[in-house]
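The primary structure of each chain is shown beneath.
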Amino acid sequence: MNINIRPPGWAEWLMSRFSPTGFEDELQGDLQEMYVYWVKTIGLPRARWRYVLAVLQLIRPFSWPRTSQSNDYSQPFFLHPDMLRNYFTVAWRNLWRHKLYSLINIGGLALSLTSTAFIGLWVYDERSYDSFHDDADRIYRVAKDFVTRGGMRTPDATTPAALAPALQAELPEIQAVTRLYPNWGQKYLVKRGDQRFYEERVYRVDANFFSIFSFPFVAGNAQTALTTPTSIVLTESAARKYFGDENPIGKRLDLDVKPGDFVVTGVLADIPSNAHFRFDFLIPLRTLDATLNSNWKTYVFYTYVKLKPNANAERFAANLQSLFKRHQPDDLNQFYSQPLTQIHLTSKLKWELAPNGEQSYVRILSFVALFVLIVAAINYINLATARAARRAREVGVRKVAGAHRQSLIGQFLGEGILSALMAGLVAIGLLFLLLPVFNQFVEKQLSLSNQQGWMVSLLVILLASGTGLLAGIYPALVLSSYEPVHVLKGQHLPGSAFSRLRQGLVTGQFAVSAGLIIGTIIVTQQLHFLRTSSLGFDKDQVMVLPNIDGLTNLDVLQQELAALPGVAKIGAASDAIGYTNSTMGMALKGTDKGVAVNYITVDNQGLAVLGIQLRQGRLFSTQFPSDSSTSLLVNETAAKQLELNHPLGSILNTNLQGDYRTVVGVVKDFHYSSLHQTIQPFAFMLGRQNLSNLLVKLRSSDVEATIEAIQHKWEALVPDRPFSYSFIDERFAALHHADTLFEHIFTGITLIALLIACLGLFALATFMTERRTKEIGVRKVLGASALSIVALLARDFLQLVLLATLLASPGAYYFMRGWLEGFAYKITIEWWVFALAGLLAVVIALLTVSYQSLKAALMNPVKSLRSE
Amino acid sequence: MKRAFLGELEEVVLLTVAALQEQAYCALITQTIDQQMARSISFPTVHTTLQRLAEKGFVSSQMGGATAERGGRQKRLFTVTAAGQRALLECRQVRSQLWDQIPTSVVQLWGA
Numbered sequence: 007m008n009i010n011i012r013p014p015g016w017a018e019w020l021m022s023r024f025s026p027t028g029f030e031d032e033l034q035g036d037l038q039e040m041y042v043y044w045v046k047t048i049g050l051p052r053a054r055w056r057y058v059l060a061v062l063q064l065i066r067p068f069s070w071p072r073t074s075q076s077n078d079y080s081q082p083f084f085l086h087p088d089m090l091r092n093y094f095t096v097a098w099r100n101l102w103r104h105k106l107y108s109l110i111n112i113g114g115l116a117l118s119l120t121s122t123a124f125i126g127l128w129v130y131d132e133r134s135y136d137s138f139h140d141d142a143d144r145i146y147r148v149a150k151d152f153v154t155r156g157g158m159r160t161p162d163a164t165t166p167a168a169l170a171p172a173l174q175a176e177l178p179e180i181q182a183v184t185r186l187y188p189n190w191g192q193k194y195l196v197k198r199g200d201q202r203f204y205e206e207r208v209y210r211v212d213a214n215f216f217s218i219f220s221f222p223f224v225a226g227n228a229q230t231a232l233t234t235p236t237s238i239v240l241t242e243s244a245a246r247k248y249f250g251d252e253n254p255i256g257k258r259l260d261l262d263v264k265p266g267d268f269v270v271t272g273v274l275a276d277i278p279s280n281a282h283f284r285f286d287f288l289i290p291l292r293t294l295d296a297t298l299n300s301n302w303k304t305y306v307f308y309t310y311v312k313l314k315p316n317a318n319a320e321r322f323a324a325n326l327q328s329l330f331k332r333h334q335p336d337d338l339n340q341f342y343s344q345p346l347t348q349i350h351l352t353s354k355l356k357w358e359l360a361p362n363g364e365q366s367y368v369r370i371l372s373f374v375a376l377f378v379l380i381v382a383a384i385n386y387i388n389l390a391t392a393r394a395a396r397r398a399r400e401v402g403v404r405k406v407a408g409a410h411r412q413s414l415i416g417q418f419l420g421e422g423i424l425s426a427l428m429a430g431l432v433a434i435g436l437l438f439l440l441l442p443v444f445n446q447f448v449e450k451q452l453s454l455s456n457q458q459g460w461m462v463s464l465l466v467i468l469l470a471s472g473t474g475l476l477a478g479i480y481p482a483l484v485l486s487s488y489e490p491v492h493v494l495k496g497q498h499l500p501g502s503a504f505s506r507l508r509q510g511l512v513t514g515q516f517a518v519s520a521g522l523i524i525g526t527i528i529v530t531q532q533l534h535f536l537r538t539s540s541l542g543f544d545k546d547q548v549m550v551l552p553n554i555d556g557l558t559n560l561d562v563l564q565q566e567l568a569a570l571p572g573v574a575k576i577g578a579a580s581d582a583i584g585y586t587n588s589t590m591g592m593a594l595k596g597t598d599k600g601v602a603v604n605y606i607t608v609d610n611q612g613l614a615v616l617g618i619q620l621r622q623g624r625l626f627s628t629q630f631p632s633d634s635s636t637s638l639l640v641n642e643t644a645a646k647q648l649e650l651n652h653p654l655g656s657i658l659n660t661n662l663q664g665d666y667r668t669v670v671g672v673v674k675d676f677h678y679s680s681l682h683q684t685i686q687p688f689a690f691m692l693g694r695q696n697l698s699n700l701l702v703k704l705r706s707s708d709v710e711a712t713i714e715a716i717q718h719k720w721e722a723l724v725p726d727r728p729f730s731y732s733f734i735d736e737r738f739a740a741l742h743h744a745d746t747l748f749e750h751i752f753t754g755i756t757l758i759a760l761l762i763a764c765l766g767l768f769a770l771a772t773f774m775t776e777r778r779t780k781e782i783g784v785r786k787v788l789g790a791s792a793l794s795i796v797a798l799l800a801r802d803f804l805q806l807v808l809l810a811t812l813l814a815s816p817g818a819y820y821f822m823r824g825w826l827e828g829f830a831y832k833i834t835i836e837w838w839v840f841a842l843a844g845l846l847a848v849v850i851a852l853l854t855v856s857y858q859s860l861k862a863a864l865m866n867p868v869k870s871l872r873s874e
Numbered sequence: 077m078k079r080a081f082l083g084e085l086e087e088v089v090l091l092t093v094a095a096l097q098e099q100a101y102c103a104l105i106t107q108t109i110d111q112q113m114a115r116s117i118s119f120p121t122v123h124t125t126l127q128r129l130a131e132k133g134f135v136s137s138q139m140g141g142a143t144a145e146r147g148g149r150q151k152r153l154f155t156v157t158a159a160g161q162r163a164l165l166e167c168r169q170v171r172s173q174l175w176d177q178i179p180t181s182v183v184q185l186w187g188a
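Protein sequence lines, in the order shown, are assigned to chains P and X.
The first sequence lines up with residues 7 to 874 when you count with this note's numbering.
The second sequence lines up with residues 77 to 188 when you count with this note's numbering.
Calculated directly from the structure, the hints in this document are not laboratory data.
Possibly wrong hints are sitting among the right ones.
Unchecked claim - Heads up, simulated DMTMM-like pairs for lysine to aspartate or glutamate below, C-alpha to C-alpha not over 25 Å straight-line: (1) P/Lys-46 x X/Glu-145; (2) P/Lys-193 x P/Glu-242; (3) P/Lys-197 x P/Asp-260; (4) P/Lys-314 x P/Asp-141; (5) P/Lys-599 x P/Asp-162; (6) X/Lys-132 x P/Asp-31; (7) P/Lys-264 x P/Glu-205; (8) P/Lys-832 x P/Glu-736; (9) P/Lys-703 x P/Glu-736; (10) X/Lys-132 x P/Asp-88; (11) X/Lys-132 x P/Glu-30; (12) P/Lys-46 x X/Asp-110; (13) P/Lys-354 x P/Glu-132; (14) P/Lys-832 x P/Glu-749; (15) P/Lys-703 x P/Glu-714.
What the hints assert, rightly or not - Simulated DEER-style distance windows between Cβ atoms: (16) P/His-410 x X/Leu-174: 52 to 60 Å; (17) P/Phe-24 x X/Glu-98: 24 to 32 Å; (18) P/Pro-87 x X/Arg-115: 36 to 44 Å; (19) X/Thr-121 x P/Pro-87: 20 to 28 Å; (20) X/Thr-121 x P/Val-403: 35 to 43 Å; (21) P/Trp-102 x X/Ser-118: 37 to 45 Å; (22) X/Glu-84 x P/Glu-400: 39 to 47 Å; (23) P/Leu-50 x X/Glu-84: 29 to 37 Å; (24) P/Trp-102 x X/Glu-98: 46 to 54 Å.
What the hints assert, rightly or not - Covered stretches of chain P (in silico footprint by chain X; criterion: 3 or more residues with CB under 8 Å from a CB of chain X, positions within the stretch not fixed): (25) 34 to 41; (26) 59 to 66.
Small disclaimer: the values here were computed from a predicted structure and weren't measured.
Glycine is no exception: its CB is placed at the ideal position from the N, C-alpha and C atoms.
Just need the whole structure built from these sequences, with the hints factored in.
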């Protein structure tokens with residue numbers, strides 16, 4: 007044997023360092039022999055190659071001893087892979103053996119996590135309005151209270167045109183000011199080639215609009231977008247409507263606004279749904295023929311301000327009012343500023359650019375979402391503890407086998423978290439799956455793409471793990487404390503150990519449920535009240551046709567329409583009831599105590615169409631030709647606030663500038679706006695100049711055909727104006743749209759919470775009954791009736807539910823009264839609501855528990871007592 | 077009890093262990109298979125197979141027989157256990173059963 011034949015040194019070294027434990031000697035020896043053999047049979051180079059290959063295959067970690075050669079019975083580390091595998095196996099078996107509990111547990115938690123996440127998304131969206139602008143915290147809207155000599159204030163979002171230039175020039179803390187002039191109900195005809203559409207969302211803005219608002223550009227840029235008088239900026243979807251896939255930049259677009267011929271200078275991404283105003287077209291403010299920079303009297307502009315960094319917002323608000331006083335010393339109006347991001351939820355001024363949200367809804371729903379989560383978490387904890395009690399024996403065996411208390415705690419905590427995480431994953435799946443449905447339900451465009459989706463998913467996972475941790479703590483601590491000798495002998499069968507906690511939790515759960523039931527009853531009652539309470543005029547089947555101002559053949563149109571068989575009455579008005587109305591300061595002649603009065607102008611038939619009821623005096627009539635310049639109708643509130651002791655014949659200064667009119671009639675109060683607002687002074691004047699809406703009262707038969715007939719007449723007589731219409735009752739429904747939506751969400755979430763609570767109660771009842779099978783058997787053998795056994799089983803739960811209702815009532819009362827305070831006209835909360843909620847909770851609990859109780863009570867005791 | 081399955085490779089290795097009797101250790105087993113069966117099974121494969129057989133209880137092992145060629149390192153000497161013997165016999169029996177089912181005339185036609 008030539009001793010010089012040596013295998014590669016590095017491979018030899020590897021083998022000596024890394025041979026698998028227990029095989030060091032034999033493998034090195036064998037390999038050396040093999041090397042000699044290989045050199046003999048296949049030559050040196052290939053022998054070396056084989057040797058290296060063999061070494062690489064044999065060394066750790068590529069090979070591992072397949073059988074443990076050691077007699078090592080020392081305790082494994084409790085996170086050793088084998089132990090973890092054991093924990094998983096046992097956890098899985100537990101889940102699988104109690105399929106019903108697992109399903110209820112994980113399903114319930116997943117359901118509530120999903121609802122909570124959805125409500126969370128909704129709340130987040132409501133609170134995120136306008137925060138997408140750069141430096142949104144430095145942007146403010148200037149608004150004012152319209153104040154009359156009588157001291158009446160009407161909060162109002164509009165400002166005069168001259169305000170913006172004055173602010174820019176005189177207040178050093180301001181970085182930029184911009185004005186916005188919306189379409190004010192006007193429709194613009196937009197043409198490109200043979201494409202013609204009427205567009206409403208056309209705003210006129212100052213050239214520096216984009217130095218305050220950072221709507222992202224798709225094409226063009228913020229600096230040059232509005233520099234020339236013929237610039238027009240579109241949103242992406244408007245651009246697609248007129249230009250298809252063409253690049254619209256530099257192309258012409260015809261608008262019936264002077265100078266008519268506009269050039270597209272920019273395309274914006276579509277306005278996010280969480281902006282408090284939304285538009286499709288922007289054109290320069292200069293297109294208005296108005297004395298823009300010196301007019302302090304006409305309030306038709308919106309003014310937005312961006313402060314310099316570090317500017318003091320409070321000082322700005324103070325300076326604002328003093329600036330206005332400097333320019334208009336005689337004007338009583340009070341100016342103030344509103345942070346941009348709070349406009350959507352807190353502003354609620356007259357003439358908002360879009361309907362505002364309701365802060366109270368956001369608050370209530372946040373709490374409700376939290377409650378649903380609590381209900382499911384309680385379920386989870388309850389069932390986990392109930393089930394854990396059955397595992398006392400497992401704990402005994404583990405302890406005998408040498409488990410430390412810490413490792414048991416770790417095991418139970420880990421198990422709780424893991425199955426909660428399963429629920430979290432299911433919830434995330436549901437969230438993505440159901441998002442379109444939810445969006446349709448709440449009429450939003452919430453999205454889970456990108457960052458937001460990740461954030462929500464992360465939050466769901468965190469909430470799930472938190473719940474799992476909570477659910478795991480109690481069993482972990484209690485179970486791990488058992489003495490193995492007791493549990494294995496069966497002396498100490500745990501179960502009562504958890505019952506106090508469980509009772510408390512069930513009470514909490516049903517308190518939440520009862521509170522939600524109370525809330526739902528009150529919300530439903532109030533919404534029913536809103537829908538059914540009389541508005542004081544006839545809102546049904548009154549059609550509003552806009553766009554008639556200045557129409558030369560208005561009389562012909564009216565006659566033709568009145569002749570249609572489906573039309574009952576026809577009249578005209580400046581505004582329809584249910585829309586925002588103009589306001590004017592009025593005072594009794596000889597006094598200077600002005601009162602802000604909403605008014606509309608009508609023709610002789612207008613009031614009859616609306617079914618306005620007369621309290622005293624008369625309506626306008628053709629028999630009194632002078633009505634149009636000298637007469638006035640007021641509502642009861644106006645008569646009271648203007649202090650008209652004998653209203654008929656009183657003479658009012660109707661614009662505080664000397665337009666005197668005589669009150670010829672007083673009409674009964676009617677709701678001209680949502681029931682959130684109290685009835686304010688209202689007046690009707692007769693006139694022809696400002697009539698811009700036709701009011702058509704339809705007969706109830708075949709409304710569809712009548713509308714079609716009206717459209718035909720319109721298109722024949724007014725070919726150059728678009729035909730559009732709306733109904734006053736639909737308008738009133740829209741005023742309470744947010745309330746209806748709230749009712750739906752609230753009812754939906756209550757149902758989910760109840761469902762989850764019932765599932766939990768059902769599983770708990772099943773569990774408790776199972777534990778008492780033998781007891782029930784013995785009782786039956788001794789002569790107990792089925793009824794008494796049902797009573798025995800149900801009594802515990804019923805007591806808890808009643809207690810829960812008592813606990814929940816004050817909280818629910820407090821919250822719902824807060825909600826009702828948002829309505830000027832509302833129901834009173836009556837005691838029977840709480841009784842009914844308690845009764846409902848009891849019935850629901852009874853139904854849930856009774857199935858198991860009955861089953862147990864009717865079971866033949868032979869079956870339960872046979873085996874021991 | 078379910079009969080432990082003996083794979084083809086395992087059978088070859090186990091047979092070789094039986095054939096080498098007192099001298100069966102990994103290197104020699106590999107060389108024997110190499111020479112007698114003209115079949116090159118890599119050394120690590122044989123090593124793993126032996127461990128698998130030990131795990132199944134077909135072979136037992138003890139240390140011994142250090143020689144100079146192997147740098148004075150001990151060998152692990154394998155012997156077939158009773159279970160291993162049973163498995164081998166069973167294996168042969170199954171095969172011969174099948175052989176017996178082939179008619180002699182056919183086998184003769186094959187040139188046996």
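Straight-line alpha-carbon gap P/Lys-46 to X/Glu-145, limit 25 Å: holds (14 Å)
Cβ distance range 39 to 47 Å for X/Glu-84 and P/Glu-400, holds or violated: holds (44 Å)
25 Å Cα cutoff - pair X/Lys-132, P/Asp-31: holds (23 Å)
25 Å Cα cutoff - pair X/Lys-132, P/Glu-30: Measuring from Cα to Cα gives roughly 22 Å; hence the hint holds.
Range hint compliance [Cβ, P/Trp-102 to X/Ser-118, 37 to 45 Å]: holds (43 Å)
Given hint P/Asp-260 paired with P/Lys-197 - CA-CA distance at most 25 Å: holds (5 Å)
Pairwise hint evaluation, P/Glu-736 against P/Lys-703, where the allowed Cα distance is 25 Å at most: Holds: P/Lys-703 and P/Glu-736 sit about 14 Å apart, inside 25 Å.
36 to 44 Å as the expected CB spacing between X/Arg-115 and P/Pro-87, which holds or is violated: holds (37 Å)
P/Val-403 and X/Thr-121 - C-beta distance against the hinted 35 to 43 Å: Once the Cβ atoms are compared, 41 Å apart, the range 35 to 43 Å for P/Val-403 and X/Thr-121 holds.
Chain X covers the region 34 to 41 of chain P, three or more CB atoms within 8 Å, holds or violated: holds (count 7)
Given pair status - P/Asp-141, P/Lys-314, alpha carbons within 25 Å: Holds, because 10 Å separates the two Cα atoms, which is no more than 25 Å.
Agreement of P/Lys-264 and P/Glu-205 with the hint, judged by alpha carbon distance not exceeding 25 Å: holds (16 Å)
Violated hints: none; the structure is consistent with every hint.
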